[in-house]
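Asks: Going down the list, the sequences are from chains A and E.
Numbering-wise, our numbering puts 333 at position 333 of the first sequence, and it's gapless, one number per residue.
To convert, count from 1 in the second sequence and add 431; that's our numbering.
Accuracy of the hints is not assured; some may be wrong.
As the list claims (entries may be wrong) - Not the full set, but computed from the structure, chain E residues with beta-carbon under 7 angstroms of chain A:
#1 Glu441
#2 Pro443
#3 Pro500
#4 His504
#5 Arg505
#6 Phe513
#7 Gly515
#8 Arg519
#9 Arg531
#10 Ala532
#11 Gln533
#12 Gly534
Said to hold, decoys possible - Estimated spans, in silico, between C-beta atoms of each pair:
#13 E:Ala541 to A:Arg41: 49 to 57 angstroms
#14 E:Asp545 to A:Val21: 29 to 37 angstroms
#15 E:Gln638 to A:Ala86: 29 to 37 angstroms
#16 E:Asp512 to A:Leu60: 31 to 39 angstroms
#17 A:Asn233 to E:Arg446: 23 to 31 angstroms
#18 A:Leu117 to E:Asp512: 51 to 59 angstroms
#19 A:Val21 to E:Glu537: 24 to 32 angstroms
#20 E:Arg446 to A:Arg77: 25 to 33 angstroms
#21 E:Ser488 to A:Trp298: 16 to 24 angstroms
#22 A:Tyr248 to E:Val642: 53 to 61 angstroms
#23 E:Gly468 to A:Phe129: 55 to 63 angstroms
#24 A:Trp298 to E:His600: 51 to 59 angstroms
To be clear, the hints were calculated from the coordinates, so they are not data collected in a lab.
Glycine is no exception: its CB is placed at the ideal position from the N, C-alpha and C atoms.
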Amino acid sequence: MNLNPEFERQLILECSQARLVGAPVVLGAVFTLTYFLDDYRLGNITAQAALTLFMLITLLWGTRQSLDSIVEEYRDRTWDTQRLSALGPWQMTWGKLLGSTSMAWYCAGICLLVHALATDNPAALPLLFFYAIGTALLVQSTGLLLGLLAVQRGQLKTGSILILVLVGFIVFMPSLSDLTDTANYLSGNFQSNSWYSLTVNSQTLHQISLFFALFWCVMGSYRLVAQDLGLRNLPWAWLGFTLFLIVYLGGFIPSSSYSFSLAAFAVCSVLTYVGVIVERHEPMRIKRLLDYYRQANWRRVGEELPLSALSFALSLPFAIFLSFQEQRFAWLDISLHAYPLAIALLVLRDCAIYLFFCYGKNPQRAFSLSLLSAALLYGILPGLFAAIGMTGVSALFFPLWADTAFSALACAALQCALILSLLLQRWRQNI
Amino acid sequence: MITVDKLIFEYPGLRALDDVSFNIAAGSITALVGPNGAGKTTLLRCMAALDQPVSGSINIAGIDVLEQPRDCHRIIGYLSDFFGLYQRLTVRQCLHYVARAQGIFEADFAAAIDDVSRRLHIQDRLENSPAELSRGLRQRVAIAQAIIHKPPVVLLDEPASGLDPEARHELAELFLDLQAQGMTLLVSSHILAELEAYCTDMLVLRQGRIVEQVAVKAPSLFKPFKLLLANPVENLLPLLQSLPGIKVINSDNKQQALLQIDADAAQQHRVLKALISLDLPVCEFAPATNNLQDAYLQTIRQIV
Chain A
1 MNLNPEFERQ LILECSQARL VGAPVVLGAV FTLTYFLDDY RLGNITAQAA LTLFMLITLL
61 WGTRQSLDSI VEEYRDRTWD TQRLSALGPW QMTWGKLLGS TSMAWYCAGI CLLVHALATD
121 NPAALPLLFF YAIGTALLVQ STGLLLGLLA VQRGQLKTGS ILILVLVGFI VFMPSLSDLT
181 DTANYLSGNF QSNSWYSLTV NSQTLHQISL FFALFWCVMG SYRLVAQDLG LRNLPWAWLG
241 FTLFLIVYLG GFIPSSSYSF SLAAFAVCSV LTYVGVIVER HEPMRIKRLL DYYRQANWRR
301 VGEELPLSAL SFALSLPFAI FLSFQEQRFA WLDISLHAYP LAIALLVLRD CAIYLFFCYG
361 KNPQRAFSLS LLSAALLYGI LPGLFAAIGM TGVSALFFPL WADTAFSALA CAALQCALIL
421 SLLLQRWRQN I
Chain E
432 MITVDKLIFE YPGLRALDDV SFNIAAGSIT ALVGPNGAGK TTLLRCMAAL DQPVSGSINI
492 AGIDVLEQPR DCHRIIGYLS DFFGLYQRLT VRQCLHYVAR AQGIFEADFA AAIDDVSRRL
552 HIQDRLENSP AELSRGLRQR VAIAQAIIHK PPVVLLDEPA SGLDPEARHE LAELFLDLQA
612 QGMTLLVSSH ILAELEAYCT DMLVLRQGRI VEQVAVKAPS LFKPFKLLLA NPVENLLPLL
672 QSLPGIKVIN SDNKQQALLQ IDADAAQQHR VLKALISLDL PVCEFAPATN NLQDAYLQTI
732 RQIV
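Pulled out of the complex, with its shape left as it was, chain A reads as follows (with noise of 0.2 angstroms):
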């Protein structure tokens, strides 16, 4: 059989013997003791421990072991021989991702096995299945791409990145009793939700929404993967995403030019600020940038091109288009305006900062003084000048404190162009 080589690494590191028919046992003796404890039956007692175990096994295990499955490689130094192979990105990816979790997948089967013979609810089986099976291959596949996104910073410390995703579980999706709770699955249980003019059975919406977010996950490790075996992209994917979100998000919002054009510009100024965290930021590459642009190498200069950057260009047509708009209006009656072209410019600066102390001597420390910095300017200076009624001064720091789109726009560009200078002397004090 062909199998995928780097599968059958992970299945040869992964699934021993020993492992193969340990991890049997001991589920056997927790369901046992269940067991007895469902008065010598498979009970609801069974169903739920199974579920809860299957719960814990694939998000806490599984996440770690994908995590740990590209971490390790550049902690042991065998990164370079992964990528001088044959395999391509793909291979790659979901070799390490299935490979990787077998052991806790086996394991899992166990418990779902388990589940499907102890539930007094069968009919809700299928759809539990799908949620179950899903939600852990989501986070198991963030795992991945986080763990892509940190060894690429050089951060090889795994404990904080598996609280991250495990957090990011926690609050983005429903509790763990929801889902363990086989009623959750009962067709006719679900709410009716509106996309666009469309009327979507929430379940429906649900399982796409599921999908679609494991879709991006192993995109986003795919594409993080090919960039390291060399392979030189487009940044479509990337595009695509930011498409993707705006037509996605875009169609929970009542439906208007308007508040489409809001909802693409939101996302595209998140993505910007996603973009600019996430991506490696070496001098050398802005350095090929431009000497591809004088080069007038089309091709070069759009793989070379942060994502961040193109983000932030997709953002202004929108912001514009906003800006030239009536309904402007102001926030929680504190004359904090909405002035979107100087909010895409805050987005710039913002961006700037970060990027300015990513050229310093401490880049590890760059979000950190970021997130000072943006306390600090969003926050505190501006709120001081506020209480002693210098809100003139205030929009200076914070723009969206001016009364006027102009006066915003002025002062937002102000700190703009302050930021992008002395970015430029640090970047090239770098090269």
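Since the structure of chain A is provided, determine the placement of chain E on it from the hints.
Replies: Showing chain E alone in chain A's frame:
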């Protein structure tokens, strides 16, 4: 086989490779030498398409490395200075994995593993984990991984570091064996004595620049011979020039000269006989040993 043209690589604030250009002939073993920090590892990593230079081009066996890095990976073997091995696999499993990952056909795995482990003398270690092996044995396993797919070009960064003298000798034999099979090798090291045993060419890198590319073992019909006299002879140079079948490369005083004569032993005998018949007080007549160390130091002295 290998053409590097105007390669520039920069780290922040440092130009590690500065306009590097050279050619390497097919079937040669080239020593890449230079002081620490000269850019040897960076050059090898660029050639292996592991790092991306600022500009320039690298062509290996007709493949543009910077444009088609994955195609390049299939035709090269690379041993990193700081290599790693899968500690939780056995040596056999490591080799099996690399063989599969390099696209070797299933029917050929066993033969490839047998062949490479025999060459590297690790047949009896195949069931051990790399963690149980000495530094030298792990080095051999790493080299085995690099050459298991019989690549036409092999790039080795400090392959002999950590090896004992016997293992270094075996390594030299292995490299000559690989050369005999038609492979082209580029070997970086700063231990010149180890390179001397097998290198045909030398590439000297200093502060990111190629300062010299010389053939250290150019196959030739002529051999340099050193002539040393017991006493100075006034008209040594015209006397030597009058002899047939020899060429005087240099004669910087009246007591010694460097001659180029036919590599044929009978001719060497005839020249020696002629020298004696001229009544020259010959006390030494032997092939001149122009070793790698001499060539390197000579190059370095010239550029300092």
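Asks: Go through the hint on E:His504 and say holds or violated, using the shortest Cβ distance to chain A against 7 angstroms.
Replies: 5 angstroms, holds
Asks: Is 29 to 37 angstroms right for how far apart the beta carbons of E:Gln638 and A:Ala86 are?
Replies: 36 angstroms, holds
Asks: Hold the hint about E:Ala532 up to the distance rule: shortest CB distance to chain A must be less than 7 angstroms.
Replies: 4 angstroms, holds
Asks: Does the Cβ pair A:Leu117, E:Asp512 satisfy 51 to 59 angstroms?
Replies: The hint (51 to 59 angstroms, Cβ to Cβ) holds, given that A:Leu117 and E:Asp512 are roughly 56 angstroms apart.
Asks: Do E:Asp545 and A:Val21 keep their Cβ atoms within the hinted range of 29 to 37 angstroms?
Replies: Holds, since E:Asp545 and A:Val21 (Cβ atoms, about 32 angstroms apart) stay within the stated range.
Asks: Honestly, do E:Ser488 and A:Trp298 meet the 16 to 24 angstroms range at C-beta?
Replies: Given about 19 angstroms between the Cβ atoms, the range holds.
Asks: Between A:Tyr248 and E:Val642, does the C-beta distance stay in 53 to 61 angstroms?
Replies: The hinted range 53 to 61 angstroms holds for A:Tyr248 and E:Val642, with Cβ atoms some 59 angstroms apart.
Asks: Could you tell me whether the CB distance from A:Trp298 to E:His600 stays inside 51 to 59 angstroms?
Replies: At 54 angstroms between Cβs, range holds.
Asks: Please verify that hint: E:Arg519, Cβ, nearest Cβ of chain A, below 7 angstroms or not.
Replies: 6 angstroms, holds
Asks: If you take the shortest Cβ to Cβ gap from E:Glu441 to chain A, is it below 7 angstroms?
Replies: 6 angstroms, holds
Asks: Taking 49 to 57 angstroms as the stated bounds, is the beta-carbon spacing between E:Ala541 and A:Arg41 within them?
Replies: Holds: the Cβ-Cβ distance is about 53 angstroms, inside 49 to 57 angstroms.
Asks: Do the beta carbons of E:Asp512 and A:Leu60 sit within 31 to 39 angstroms of each other?
Replies: Holds: the Cβ-Cβ distance is about 37 angstroms, inside 31 to 39 angstroms.
Of the numbered hints stated above, none is contradicted by the structure.
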